[in-house]
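*Asks:* Could you slot chain C onto chain R? The hints should help.
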Amino acid sequence: MTTTADVPVGGQYSLLETEDEKELAATLRGLLTKRAEWQQVLARTEEESSTDLELWKQIAGELGLAGLAVPEELGGAGASWREVAVVMTELGRATAPVPYFGSAVLATAALLHAGDKKLISEIASGEKTATLAVPFSAGPGKPFTPTVTVSEGRLTGSIPVVADALAADVLVVPAADGLYAVASADATVAPAVSLDMTRQLADITLDGAQGTSLGGDAVGAVHHALLIGAAMLSSEMYGVAQNALDTAVAYMKQRYQFGRLIGSYQGLKHRMADVSVSVSQLQAAAKYAAATAGENDPDLPVATAVAKAHASVTAPKAAEECLQMHGGQGMTWENPSHVMLKRAKADSIGMGRADAHRTWLGELIELSA
Amino acid sequence: MAVDQNADRATQAAQLAEEVREFLAAHDPATTEPLEFLRARYDAGLAWVNYPEGYGGKGLDRSLQADVSDAFAKAGAPDNKAGMNAIGLGMAAPTLLAFASEEDAKRLLRPLWTGENIWCQMFSEPGAGSDLAGLGTSAVKQENGDWLINGQKVWTSLAHHAEYALLVTRSDPDAVKHRGMTYFWVKMDTPGIDVRPLRQITGEAEFNEIFLDDVVIPDNQRLGEVGQGWAVAQTTLMNERVAIGGKVARRGEGAIGEAVRTWESSEQRDPALRDALLSNWVEAEALRIAQIRLGQSLAVGAPGPEGSAVKLGLTSLTQRLTGLELEIQGDDGLRYDNYDMRRPDLDKRWSRIPGFRYLRWRGLSIEGGTSEIMRNIISERVLGLPPEPRIDKDVPWKDLPR
Chain R
1 MTTTADVPVG GQYSLLETED EKELAATLRG LLTKRAEWQQ VLARTEEESS
51 TDLELWKQIA GELGLAGLAV PEELGGAGAS WREVAVVMTE LGRATAPVPY
101 FGSAVLATAA LLHAGDKKLI SEIASGEKTA TLAVPFSAGP GKPFTPTVTV
151 SEGRLTGSIP VVADALAADV LVVPAADGLY AVASADATVA PAVSLDMTRQ
201 LADITLDGAQ GTSLGGDAVG AVHHALLIGA AMLSSEMYGV AQNALDTAVA
251 YMKQRYQFGR LIGSYQGLKH RMADVSVSVS QLQAAAKYAA ATAGENDPDL
301 PVATAVAKAH ASVTAPKAAE ECLQMHGGQG MTWENPSHVM LKRAKADSIG
351 MGRADAHRTW LGELIELSA
Chain C
370 MAVDQNADRA TQAAQLAEEV REFLAAHDPA TTEPLEFLRA RYDAGLAWVN
420 YPEGYGGKGL DRSLQADVSD AFAKAGAPDN KAGMNAIGLG MAAPTLLAFA
470 SEEDAKRLLR PLWTGENIWC QMFSEPGAGS DLAGLGTSAV KQENGDWLIN
520 GQKVWTSLAH HAEYALLVTR SDPDAVKHRG MTYFWVKMDT PGIDVRPLRQ
570 ITGEAEFNEI FLDDVVIPDN QRLGEVGQGW AVAQTTLMNE RVAIGGKVAR
620 RGEGAIGEAV RTWESSEQRD PALRDALLSN WVEAEALRIA QIRLGQSLAV
670 GAPGPEGSAV KLGLTSLTQR LTGLELEIQG DDGLRYDNYD MRRPDLDKRW
720 SRIPGFRYLR WRGLSIEGGT SEIMRNIISE RVLGLPPEPR IDKDVPWKDL
770 PR
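Residue numbers (the working numbering), protein chains in the order written: chain R, 1 to 369; chain C, 370 to 771.
Quick caveat, the hints were computed from the structure, so don't treat them as lab data. Note that this is a predicted model, so its numbers are computed, not measured. Accuracy of the hints is not assured; some may be wrong.
[What the hints assert, rightly or not] Which residues of chain R face chain C? A partial, calculated answer using Cβ under 8 Å: (1) Thr18; (2) Thr156; (3) Ser158; (4) Gly267; (5) Ser276; (6) Val277; (7) Asp355; (8) Leu364.
C-beta: ideal position from N, C-alpha, C; glycine also.
Same shape as in the complex, but just chain R (with noise of 0.2 Å):
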């Protein structure tokens, strides 16, 4: 008879949606939909506040998401990073410029780990915006050494493009003895030209600013948020991948050259054919490495490993695609295709590059050097 052991590694969960996040998903999409309509989102990124606060409103306080990984006991909705997950996929298909990852997903995984019930409650409502000020490009795979010094109390210290940090109120910062809170306003938070337009990055410097202990292992909690941020990422990159690809073969459809439509052409079709094989690999990948996170499986750091390897091949690949098969308007700043790249590459970047994630996974597994 067939006994749990059996089952192989992944079978052990739902890969697929289930009715709940199905709900959510479509609730969501609904409202960017209507509020973050690509034109939209490129519209923003050339006004003053690269963020839209007033949709992160909508998210984070009418809709409850901010706090979906929050026990209900801490202000939160009590749900977990696999529901966390299905919101990233669809802010990845809308690229939508809210701070969702640096304040939902990486402060909110390192408060979580160390412990803090006060700030998170506030984050949890909507009440408070943060992120974790850390690179983001920092990853998982290698140990975090904190970059901030402490001195009675005020912190010293330079961090590089971090993100969400402009919409910011308060900055989640690792220091040797433990996480502290800082206040934005305390801090020079300077914002970057980024790639991503859609999600702006920021340069932050504390010169001797007043700092909130909020103890915790500093390392511990970084390493846990980078590992969970990872993981999430990988499901926002795949909404990336899937609306690039989506978006592609809609074009597709309707542009004639030659006076046959372009995706009848077999050379096209068969690099969508490809794309396609990745995208549902990396859709079931990042599936699973969100289910390990909700579960709190032992299996999360290869599951995300794989997940976010997969991830930074395939979502820059998936948008390179989208923009070849438009051709020359595909190069142009009123297409969506360069929207979509800027963030696939950046998050290809974002919490550990592709190498990262493979050497790491190696260590992992074993594999001799």
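*Replies:* Below, chain C without anything else, positioned relative to chain R:
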């Protein structure tokens, strides 16, 4: 005790398990002669439980079979040469069940399942591989009702072991190509069938070419109506894809497992090769998870063209991995074990050296539908892109350029 076909799945599974226990008690695998055991198992309806009663089954859901197979394997039951008779079990059996007369199906399926009769399929021809409906082996109806067959088949696995074959022919050259085909089953010792080994790039002769010279087949060996051979062939081919996409490996098993073993035993490791190997490990694992997801999605819905994505993914991954294995081997990758012409043991292919696998697995992207055909299926039936323009659709087969 019989399995109640109207009971829920869990009850059926429990009843089935009880029947297997009773069967094993009555037929001790350690003391029963293997063939007698297999025949008795077939007669008890415990061969393939999704088949109808009287045909080795019980008319139950296909998913219940895995438990039965496991229980027999654990009890040390004799096997039915499944590796050798893959075409018989995977493709000939469902085709016979669907199209043969009741009498023929009952007579042919039992020795097929027990492994007494190996089957092969005479489909491809030198001029018709992926374009199967282009085939030209002629079938001409005689005055006495028999059919006279002439032509050549090729790439036919197992024909040298087979007692029986499935055969697709051209019965009406004036019809358009998909309409003028007729499908038969045939005994391989019928006069006029000449099986010749076809030596391959590995040195082995796993395939054959077959010459059909005035072969006489009685009309009662026809499967499906005259001119409807394409529809019958679709049944066979759909079952082929199910067989290829079938079982989900365990993590780290299969081609990636072989490559990792080669890596661990190599003395010429370097970081670039290690990263390449890890890149393939990532893809193998993502593909495996995608297969699990597909299985879950098929369990709640109808089978669709998505299996083509699994075949395409597995094919390219496996080919890349065996190429990498040769590089990992370094100096040893330059050596090959034996190019002598011989008939292979199909069950032992996985224990062959990487060089053999590198060469043999080049065929993965050709057999069972080329990767190009898989990409057409994915782009047209998954993504909904426009079909390839067809210039052969409304033209009589005899007028097609070839």
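*Asks:* None of the hints should be skipped; say for each whether it holds.
*Replies:* So, going through the hints one by one against the coordinates:
1. Because the beta carbon of Thr18 (chain R) sits about 12 Å from the nearest beta carbon in chain C, more than 8 Å, this interface hint is broken.
2. The criterion of a C-beta within 8 Å of any C-beta in chain C is not met by Thr156 (chain R), whose closest approach is roughly 37 Å, and the hint is violated.
3. Checking Ser158 (chain R) against chain C: minimum C-beta separation of about 32 Å lies over 8 Å; hint violated.
4. Among the interface hints, the one on Gly267 (chain R) is violated; its C-beta lies about 10 Å from the nearest C-beta in chain C, farther than the 8 Å criterion.
5. Below 8 Å, beta-carbon pairs count as interface contacts, and Ser276 (chain R) has one with chain C at about 6 Å; its hint therefore holds.
6. A distance limit of 8 Å between C-beta atoms decides the matter here; for Val277 (chain R) the minimum to chain C is near 5 Å, and the interface restraint holds.
7. Hint on Asp355 (chain R) holds. Least Cβ distance to chain C is approximately 6 Å, under the 8 Å limit.
8. Violation of the interface hint for Leu364 (chain R) is found here, the shortest Cβ-Cβ separation to chain C being roughly 10 Å, above the 8 Å cut-off.
Of the numbered hints listed earlier, those contradicted by the structure are 1, 2, 3, 4, 8.
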